[in-house]
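Student: All letters in the sequence shown, in the order written, are residues 16 to 171 by this note's numbering.
Hint data in this document are derived by calculation from the structure and do not stem from the laboratory. Quick reminder that beta carbons are idealized off the backbone N, C-alpha and C, glycines included. Honestly, I wouldn't trust all of these hints.
Listed next, with one range per pair, are the computed distances between beta-carbon atoms [what the hints assert, rightly or not]:
(1) Ala53 with Asp159: 34 to 42 Å
(2) Ala95 with Pro37: 35 to 43 Å
(3) Asp33 with Gly131: 28 to 36 Å
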Amino acid sequence: MAPTARIHVRQAVVGDLDALTPLFDAYRVFYGQPSDPALARSFLHERLAHLQSVVFLAQSEEGAVMGFTQLYPSFSSVSAAPIYILNDLYVSPDARRCGAAAQLLDAAAAFGRSVGAVRLSLSTATTNHPAQALYAAHGWVRDDDFWHFQLALPSA
């Protein structure tokens, strides 16, 4: 797709599940999970139906689905204010390098400002240099002050 292609970004709703499911499934596969469209659809349905996340969808002028980003609400105790975690950002391989990811980032930031969030945060793989360059080009600053830890909670 040409870099000059017109891209439309809008907040997704439950009625967009047919369009979002293949993208979300491809996103999960990108991160090493087996393809499971039913699981992808069910997960997205739960998030959207229960207003547990905010999803933005990028489409071409012709209506082709190009990518999405998903934000999860959280809070900053120190700031005593809402924040959002940009947990997922994915653009289909055939739609990359045309501005869809940049517009999704812009939509996420505009949304955060509109709801009074004090910041957006995200994590990306240390080896994902294209994503890191994109984030830096859009004003995101890498946090070198804090280490992030995780605790896996396997099911019993």
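Student: Next step is simple, just say for each hint if it's right about the structure.
Tutor: How the hints compare with the structure:
1. Checked against the given bound of 34 to 42 Å, the beta carbons of Ala53 and Asp159, roughly 41 Å apart, stay inside it.
2. Taken as a hint, the range 35 to 43 Å holds for the pair Ala95 and Pro37, whose Cβ atoms sit roughly 40 Å apart.
3. A beta carbon spacing of about 32 Å between Asp33 and Gly131 agrees with the range 28 to 36 Å that was offered as a hint.
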